[in-house]
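Go by the hints and put chain B with the ligands onto chain A.
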Amino acid sequence: MNFFLAVIKQTLRNLVQTWKSQLLTLMTIALSVLIFAFFYLLYTNALHTARQLDDDLRLIVYLDEEPSPAMQEEYRNKIQKFDRVERIDFISRHDAFNRFAEQLDEDREILADMPKDFLPPSIEVYPFRSLVTLTKIKRFSDYLLTLPGVLKVQYGREWVERFYSFIKLLRIVVILSGTLLILTTTFMVANTIRLTLLGRKDELELLRLVGASTNYIRVPFFLEGALQGMTGSACGMIALFLLFNWIKLRFAVSSILAMFEFTFFPLPVIAIIILVSTLLCAIGSFSSTRKFLQL
Amino acid sequence: MSEHQEEPKLMIDLVKVSKTYLPDIQALSDVSLSVRKGEIVFLTGKSGAGKSTLLRLLTRMEKPTKGVIEVSGHDLNLISTVKLQILRRSIGFAFQDFKLLPERTVAENIAIAMEVSYTRPSVMQTRIRKLLQRLGLVEKHNTPTSGLSRGEQQRVAIARALANNPELILADEPTGNLDSETTEMVMALFRQYNQQGATLVIATHDTSIYQGTSHRVIELREGRIVARGDEEPEAEAPAPDPALAFADDLFSDE
Ligand SMILES: Nc1ncnc2c1ncn2[C@@H]1O[C@H](COP(=O)(O)OP(=O)(O)O)[C@@H](O)[C@H]1O
Ligand SMILES: [Mg+2]
Numbered sequence: 000m001n002f003f004l005a006v007i008k009q010t011l012r013n014l015v016q017t018w019k020s021q022l023l024t025l026m027t028i029a030l031s032v033l034i035f036a037f038f039y040l041l042y043t044n045a046l047h048t049a050r051q052l053d054d055d056l057r058l059i060v061y062l063d064e065e066p067s068p069a070m071q072e073e074y075r076n077k078i079q080k081f082d083r084v085e086r087i088d089f090i091s092r093h094d095a096f097n098r099f100a101e102q103l104d105e106d107r108e109i110l111a112d113m114p115k116d117f118l119p120p121s122i123e124v125y126p127f128r129s130l131v132t133l134t135k136i137k138r139f140s141d142y143l144l145t146l147p148g149v150l151k152v153q154y155g156r157e158w159v160e161r162f163y164s165f166i167k168l169l170r171i172v173v174i175l176s177g178t179l180l181i182l183t184t185t186f187m188v189a190n191t192i193r194l195t196l197l198g199r200k201d202e203l204e205l206l207r208l209v210g211a212s213t214n215y216i217r218v219p220f221f222l223e224g225a226l227q228g229m230t231g232s233a234c235g236m237i238a239l240f241l242l243f244n245w246i247k248l249r250f251a252v253s254s255i256l257a258m259f260e261f262t263f264f265p266l267p268v269i270a271i272i273i274l275v276s277t278l279l280c281a282i283g284s285f286s287s288t289r290k291f292l293q294l
Numbered sequence: 000m001s002e003h004q005e006e007p008k009l010m011i012d013l014v015k016v017s018k019t020y021l022p023d024i025q026a027l028s029d030v031s032l033s034v035r036k037g038e039i040v041f042l043t044g045k046s047g048a049g050k051s052t053l054l055r056l057l058t059r060m061e062k063p064t065k066g067v068i069e070v071s072g073h074d075l076n077l078i079s080t081v082k083l084q085i086l087r088r089s090i091g092f093a094f095q096d097f098k099l100l101p102e103r104t105v106a107e108n109i110a111i112a113m114e115v116s117y118t119r120p121s122v123m124q125t126r127i128r129k130l131l132q133r134l135g136l137v138e139k140h141n142t143p144t145s146g147l148s149r150g151e152q153q154r155v156a157i158a159r160a161l162a163n164n165p166e167l168i169l170a171d172e173p174t175g176n177l178d179s180e181t182t183e184m185v186m187a188l189f190r191q192y193n194q195q196g197a198t199l200v201i202a203t204h205d206t207s208i209y210q211g212t213s214h215r216v217i218e219l220r221e222g223r224i225v226a227r228g229d230e231e232p233e234a235e236a237p238a239p240d241p242a243l244a245f246a247d248d249l250f251s252d253e
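If you read the protein sequences in the order shown, they are chains A and B.
Mapping of the first sequence onto numbering that gives the first Met the number 0: residues 0 to 294, in sequence order.
Mapping of the second sequence onto numbering that gives the first Met the number 0: residues 0 to 253, in sequence order.
Next comes chain A alone, as it looks inside the complex:
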């Protein structure tokens, strides 16, 4: 009971005494959390949209005639030769007709007079949904066109391709800003704590001489770090939330952004971001104290 009282008193003293650098640290943490969370939010929303577009991600190879099983095997080999793919489906004329009929659903009577083989047979190639394959989808399509008996190759519209490279870029940015977040928070906190320690060398020395326990000396700094991490990241998240809503209000009505539904992080994700920042800062301060005090 008294331990906590003493430790909290000490922590508050630390905060008051070095409030300028505390504020600076707080702002740095808030800013890095804001930057990271902003890109991460963009990324998750983009991914969400991307999943809806997944079906556009196949190449349809129209053939001039129904391939025999031997031919099918050969097509398969030749396709695999370009790149490994997730799946290859052969769609016969018959299959194509049935599928079309299914799509028409209630209007299927209009097909009644049509010959059952008026649609060309095709091969549906599902590339791996990796961003690497996406970058060469155009070349893939060109390659498929050179195979014998191929009439035409169709694949997702070009903007899908662009969109995926956008996601790819985003992912890099997320990773970079995440690294930045980790570096700045731990570094800034460790540095502020170091400054505090330096500024209070005499006091810490005295505390040791009068027999203060290791925890009595160290826990306040640990708390200080954790507090900075928590407050800083919470500020960052609040700023992002405000920014998010502002953007939504401002642009969502008119522009193409209206096509997509943007969502903010769910509560658990917010909690995790704050928790991780808190932990990072606590670790930063802990290691800095450890080094400095040689505990």
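Read the hints as simulated data drawn from the structure, not as lab findings.
Check the hints yourself; a few may be wrong.
Said to hold, decoys possible - One-sided and incomplete, this derived list gives chain B residues near chain A with beta-carbon spacing under 10 Å: (1) MET60; (2) PHE92; (3) ARG103; (4) ALA112; (5) VAL115; (6) ARG119; (7) ASN163; (8) LEU249.
To be verified - Within a straight-line C-alpha distance of at most 20 Å, the following computed EDC-like cross-link-like pairs (lysine to aspartate or glutamate) qualify: (9) A:LYS19 - B:GLU102; (10) A:LYS151 - A:GLU123; (11) A:LYS290 - A:GLU202; (12) B:LYS98 - A:GLU202; (13) A:LYS200 - B:GLU107; (14) B:LYS98 - A:GLU204; (15) B:LYS98 - A:ASP201; (16) A:LYS115 - A:GLU65.
Said to hold, decoys possible - Across the chosen pairs, the derived CB separations fall in these ranges: (17) A:LEU292 - B:TYR117: 16 to 24 Å; (18) B:LYS62 - A:PHE240: 53 to 61 Å; (19) A:LEU182 - B:TYR117: 33 to 41 Å; (20) B:SER79 - A:LEU46: 49 to 57 Å; (21) B:ARG119 - A:TRP245: 46 to 54 Å; (22) B:GLY47 - A:LYS8: 36 to 44 Å; (23) A:LYS8 - B:THR64: 37 to 45 Å; (24) A:GLY198 - B:GLY72: 36 to 44 Å; (25) A:LEU182 - B:THR64: 42 to 50 Å; (26) B:LEU9 - A:LYS200: 34 to 42 Å; (27) A:ILE181 - B:SER33: 54 to 62 Å; (28) B:SER33 - A:ASN1: 29 to 37 Å; (29) B:TYR117 - A:PRO265: 41 to 49 Å.
Just so you know, even glycine gets a beta-carbon here, dropped at the ideal spot from N, CA and C.
For chain B with the ligands alone, kept in the frame of chain A given last:
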């Protein structure tokens, strides 16, 4: 204060202790010295004789180059960090250079010694008030120590050393900046703590404070003990002191 009944009767035991500062300043040479619990010992000698060094060794602010030091039954060469921390809480050290925090008030400075033992705030306030009263510093309660005279700072350092009701009190030149009247105030306070069971080691070159005393006076010269006051016949309580008459409530925390 002395709650360890079964522990040895010696508070301090030094066996052939030497301390050499780099590169080769021989501050103490082969010092052997025992101090019983409840004793008052004066440590004298010219400046540079090694008095402060000896006191610092007793709280392991420094380690001896050679020899064994036991304080309150703990071998300081072997003591664990945690045990040392606990031991230090039972030692009150009035440092020669005070080691006060200049931007903190008098009360805050005194409180530090008690805070590390998690003393209740109300108890701390009572003790601070009583000590300041006894040392003539009542009106300085909320003054930052940077705003005090040397003599006042010295008394604050002494108050901090006494605040935690230590078993062992180490005072390094405690009266160096005090006039004779204040010196007597401080000595009376020391005697009172001694009566309550505290052991005192007082390093001083102020002959007036140990002249005519019945307590042991040990003289250091160039790091060696050259004169031992008579071994105190018994560790009896000293003769009643008039200054104690009004101070009976000092230890009651109320
Ligand atoms: N930290 C130190 N480093 C080097 N020499 C020191 C140090 N502290 C004390 N000394 C030397 O040790 C000797 C004893 O000093 P000290 O214990 O302070 O004596 P006293 O307190 O009796 O004046 C002196 O010669 C002093 O210069
Ligand atoms: Mg000295």
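These are the hints, each one checked on the structure:
1. MET60: holds, 7 Å
2. PHE92: It holds, given that the least Cβ distance between B:PHE92 and chain A is near 7 Å, below 10 Å.
3. ARG103: Holds: closest Cβ of chain A sits about 8 Å from B:ARG103, inside 10 Å.
4. ALA112: It holds, given that the least Cβ distance between B:ALA112 and chain A is near 5 Å, below 10 Å.
5. VAL115: holds, 4 Å
6. ARG119: holds, 7 Å
7. ASN163: B:ASN163 check passes; min Cβ-Cβ to chain A is 8 Å, inside 10 Å.
8. LEU249: violated, 20 Å
9. A:LYS19 - B:GLU102: holds, 18 Å
10. A:LYS151 - A:GLU123: Satisfied, since the Cα-Cα distance of roughly 12 Å is no more than 20 Å.
11. A:LYS290 - A:GLU202: holds, 17 Å
12. B:LYS98 - A:GLU202: holds, 9 Å
13. A:LYS200 - B:GLU107: Holds, because 17 Å separates the two Cα atoms, which is no more than 20 Å.
14. B:LYS98 - A:GLU204: Given pair B:LYS98, A:GLU204 holds - Cα atoms ~9 Å apart, limit 20 Å.
15. B:LYS98 - A:ASP201: Holds, at roughly 8 Å.
16. A:LYS115 - A:GLU65: holds, 13 Å
17. A:LEU292 - B:TYR117: 16 to 24 Å: holds, 20 Å
18. B:LYS62 - A:PHE240: 53 to 61 Å: holds, 57 Å
19. A:LEU182 - B:TYR117: 33 to 41 Å: The hinted range 33 to 41 Å holds for A:LEU182 and B:TYR117, with Cβ atoms some 38 Å apart.
20. B:SER79 - A:LEU46: 49 to 57 Å: At roughly 55 Å between Cβ atoms, A:LEU46 and B:SER79 fall inside 49 to 57 Å, so the hint holds.
21. B:ARG119 - A:TRP245: 46 to 54 Å: Holds - the Cβ-Cβ distance for B:ARG119 and A:TRP245, about 52 Å, lies within 46 to 54 Å.
22. B:GLY47 - A:LYS8: 36 to 44 Å: Distance hint for B:GLY47, A:LYS8 holds at roughly 41 Å.
23. A:LYS8 - B:THR64: 37 to 45 Å: The hint (37 to 45 Å, Cβ to Cβ) holds, given that A:LYS8 and B:THR64 are roughly 40 Å apart.
24. A:GLY198 - B:GLY72: 36 to 44 Å: holds, 38 Å
25. A:LEU182 - B:THR64: 42 to 50 Å: This hint holds: roughly 45 Å between Cβ atoms.
26. B:LEU9 - A:LYS200: 34 to 42 Å: This hint holds: roughly 35 Å between Cβ atoms.
27. A:ILE181 - B:SER33: 54 to 62 Å: holds, 58 Å
28. B:SER33 - A:ASN1: 29 to 37 Å: holds, 36 Å
29. B:TYR117 - A:PRO265: 41 to 49 Å: 43 Å Cβ-Cβ, so the 41 to 49 Å window holds.
Hint compliance for this structure: hint 8 alone is broken.
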